[in-house]
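Construct all of the structure, not just a fragment, from the sequences and the given hints.
Heads up: the protein sequence lines correspond to chains A and B, in order.
Under UniProt numbering, the residue at position 395 of the first sequence is numbered 395, and the numbers go up by one with no gaps.
Under UniProt numbering, the residue at position 210 of the second sequence is numbered 210, and the numbers go up by one with no gaps.
You can take every hint at face value.
Same chains, same label: a pair holds when it works inside one copy or across any pair of copies.
Think about it this way: if two alpha-carbon atoms lie no more than 30 angstroms apart in a straight line, the pair counts; the simulated BS3-like pairs of lysine-lysine are:
(1) Lys186 / Lys289
(2) Lys44 / Lys289
(3) Lys384 / Lys256
(4) Lys179 / Lys289
(5) Lys256 / Lys228
(6) Lys228 / Lys384
(7) Lys44 / Lys179
What the hints contain is simulated information worked out from the structure, not anything from laboratory work.
There are 2 protein chains.
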Amino acid sequence: MRHDTLRLGAFFYATGHHVAGWRHPSSEADGGLVLERYVGWAQKAEAALFDLVFLEDGSGIRDGNLRSSERTARSTHFEPVTLLSALAAVTSRIGLVATTSTSFNEPYNVARRFASLDHLSGGRAGWNLVTSTTDAEAANFGADRIAQHGDRYERAEEFVDVVLGLWNTWDDGAVIIDKESGQFSKPDGFHPLNHRGTHFEVRGPLNISRTPQGQPVLVQAGASGPGKDLAARTAEIVFTANQTLDEATEFYGDLKGRMGRFGRDRDDLKVMPGLFPVVGRSEAEARAKFEALQDLIDPVVGLALLERMVGSFDLSGYDPDGPVPELPEANGAKSRQQLMFDLARREGLTLRQLYLRIAGARGHSQIIGTPAQIVDEMEERFQKHGADGFNIMPATLPGGLDDFIELVLPELRRRGLVRTEYEGRTLRGHLGTRPPAAHAPRQG
Amino acid sequence: MRHDTLRLGAFFYATGHHVAGWRHPSSEADGGLVLERYVGWAQKAEAALFDLVFLEDGSGIRDGNLRSSERTARSTHFEPVTLLSALAAVTSRIGLVATTSTSFNEPYNVARRFASLDHLSGGRAGWNLVTSTTDAEAANFGADRIAQHGDRYERAEEFVDVVLGLWNTWDDGAVIIDKESGQFSKPDGFHPLNHRGTHFEVRGPLNISRTPQGQPVLVQAGASGPGKDLAARTAEIVFTANQTLDEATEFYGDLKGRMGRFGRDRDDLKVMPGLFPVVGRSEAEARAKFEALQDLIDPVVGLALLERMVGSFDLSGYDPDGPVPELPEANGAKSRQQLMFDLARREGLTLRQLYLRIAGARGHSQIIGTPAQIVDEMEERFQKHGADGFNIMPATLPGGLDDFIELVLPELRRRGLVRTEYEGRTLRGHLGTRPPAAHAPRQG
Chain A
1 MRHDTLRLGA FFYATGHHVA GWRHPSSEAD GGLVLERYVG WAQKAEAALF DLVFLEDGSG
61 IRDGNLRSSE RTARSTHFEP VTLLSALAAV TSRIGLVATT STSFNEPYNV ARRFASLDHL
121 SGGRAGWNLV TSTTDAEAAN FGADRIAQHG DRYERAEEFV DVVLGLWNTW DDGAVIIDKE
181 SGQFSKPDGF HPLNHRGTHF EVRGPLNISR TPQGQPVLVQ AGASGPGKDL AARTAEIVFT
241 ANQTLDEATE FYGDLKGRMG RFGRDRDDLK VMPGLFPVVG RSEAEARAKF EALQDLIDPV
301 VGLALLERMV GSFDLSGYDP DGPVPELPEA NGAKSRQQLM FDLARREGLT LRQLYLRIAG
361 ARGHSQIIGT PAQIVDEMEE RFQKHGADGF NIMPATLPGG LDDFIELVLP ELRRRGLVRT
421 EYEGRTLRGH LGTRPPAAHA PRQG
Chain B
1 MRHDTLRLGA FFYATGHHVA GWRHPSSEAD GGLVLERYVG WAQKAEAALF DLVFLEDGSG
61 IRDGNLRSSE RTARSTHFEP VTLLSALAAV TSRIGLVATT STSFNEPYNV ARRFASLDHL
121 SGGRAGWNLV TSTTDAEAAN FGADRIAQHG DRYERAEEFV DVVLGLWNTW DDGAVIIDKE
181 SGQFSKPDGF HPLNHRGTHF EVRGPLNISR TPQGQPVLVQ AGASGPGKDL AARTAEIVFT
241 ANQTLDEATE FYGDLKGRMG RFGRDRDDLK VMPGLFPVVG RSEAEARAKF EALQDLIDPV
301 VGLALLERMV GSFDLSGYDP DGPVPELPEA NGAKSRQQLM FDLARREGLT LRQLYLRIAG
361 ARGHSQIIGT PAQIVDEMEE RFQKHGADGF NIMPATLPGG LDDFIELVLP ELRRRGLVRT
421 EYEGRTLRGH LGTRPPAAHA PRQG
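Laid out in structure tokens, this is it:
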């Protein structure tokens, strides 16, 4: 029996995680362009004592399929660090986690922006570090193709070292503002970094002093070996996608097992997989809600979802109600998604049946049911060490968020699984973690 | 007699433009790190119907003199785009202008962030485009030295073309959010950019739709020939430093005269020089306020100010009350600041006397006097076509801003020189300008 409580993130993808969520009559589908919508959602999540708001990001329209992009709500959206800066001014307790890629940014700029967000919010900033994965993004930055996985992670490892180093170029308490003596900061209170590495040379110091959290919280989502090592060394939150309990406990154990090599305690990293809940007062009601969304999926959008799963195989000429076609031979090992595609073909599914399977949770854990059924699964995954919490992905906004708050949270509270008040004022305070050392060795 | 009104910017440098402003007993010297301070100042400026808040920026601590940096309020401050995003949530009418350098950023990222700020603020964003000028900043981005002036402007010219192009990759009204048909944006409502230039290759489209202003307002501050050409082609505001009326009218005429070559109308660019006012109910009161600030200047800080004027000549061993030393021979033509240094030496000034001359306005127009005296100078410069408005640089914050609002604004209003209510809701609406064409030729 665990004595801590579940951590909860409000994961806002476009205006609802379900690919057709924006089409629901209740959805605030202009949320990607109207600040007031996000203010409303974030304030609801804060009133419900969520640990954090989580915004994913890409450096371009990742879907190469133009017809599909015109029919989804994700082609246009706020840049997440600016959006969270705005939310910082109208919230006071909830953590603010934004995604920024290491692939097409400079570490000095990223360190500054998240330090600024941490000051603006009084210690509530988190940086979800990703490497960009699509050629569509690379093409916005002078490259034809995205870098190889290993190269991306090599750059990311050095990038995060520079950022952590810059966040520590100012000592704690260095800013004294002594009007009488004229000493604004302590003598020798900030220092150069003098980083000279393979990808970066950065002198420092940062032109913003040490932040309320000391350093903003690092979040990571990589599931590969290098991704897990980077997370074990530097992250305090890991966002991940696990379908089954077995997958979840294996991932959890593997990740936490790597932390000791970097001198870190298992409790200083919270594993928070995505969770896509569709809740009803009865199972039938939940099922009906889900099916109503499924019915709204445009075949153009559904087929484009499948295309992205398997790379760039063009399905636009195929009949949605025809069989899943055979994929051409892959160059290397097939991804889990490609194997799933093959399996569906052998099971005799149609393309429509296949895209309906993935259109809701998009690879994350999907639970459709009553509050008790949803909380049962959450509790089991938590108690069996498959998760320390969840990033809740509302199918629609605000409806899916309202449903979770009004129906699921009371059950979580009844079982003592969530907090009843904020314990502190910073994101790290909510998590109860300790930050990684700024100069931890890469190989533990 | 001009029939338009003066445009006013609230230029917030650190916690007061005067180098010792932070030491004044009334100053909110923690403003660089506490959002509430900026919220207060921006809301005051909005209540006073200013056109905009203007934030300058640098990509590092530009002062190489560590002892001086510890004794000024500018070594640590919010990153301006995040700060203005926060202010967007708690203001509704005032324009929000942030500085971002073209030297150490990617145009796709800059276009996104300012488009995001424009959406967040409902059409109030402006980008002050600068090229970075110090080696201290270059060292944070892998370079030993800053690029040559010509190279910096060549990159800036292409950079701004890409940004303007990206802002126009979505058509006006492309986002239709038709839940019934499933069409989120119009068919063919957004397009790639396919820019292939010397410095950048950017495919586009932007992953944020056309903004409330169509494109955010461009601001420029370059005073060189290439700088003025870039401004004449693309800017709707030029921020500049002119000391005398003659200098101002010459600059104004030169700049506006260049616009025709780019197919633009003179009224579509507003020249807004910096203005450092110290106001009192009597001239003696104003003078006393100013002297009180001058007395707070630390000699270490004063000498460092002089060092930056002339490059990197080390003055730390010199007696502040000794004569201004002779500078070593310059490689090329001496800057205006170096010539001013030579002049002071020939006039027999001490180093202290010299730094006291520049410590307030730092190169901008300085007026110390009664409201009538200050407004006389503003009006003359406006009527004689030396300025379309001013960026007001309060010596201290909030005191200097309060003084301007309480003492100078009523006199400006009495003479009909400023607006009595906001005419619109966007920055461009306040300015009354028309945007430059996205694809105007570089050579008119």
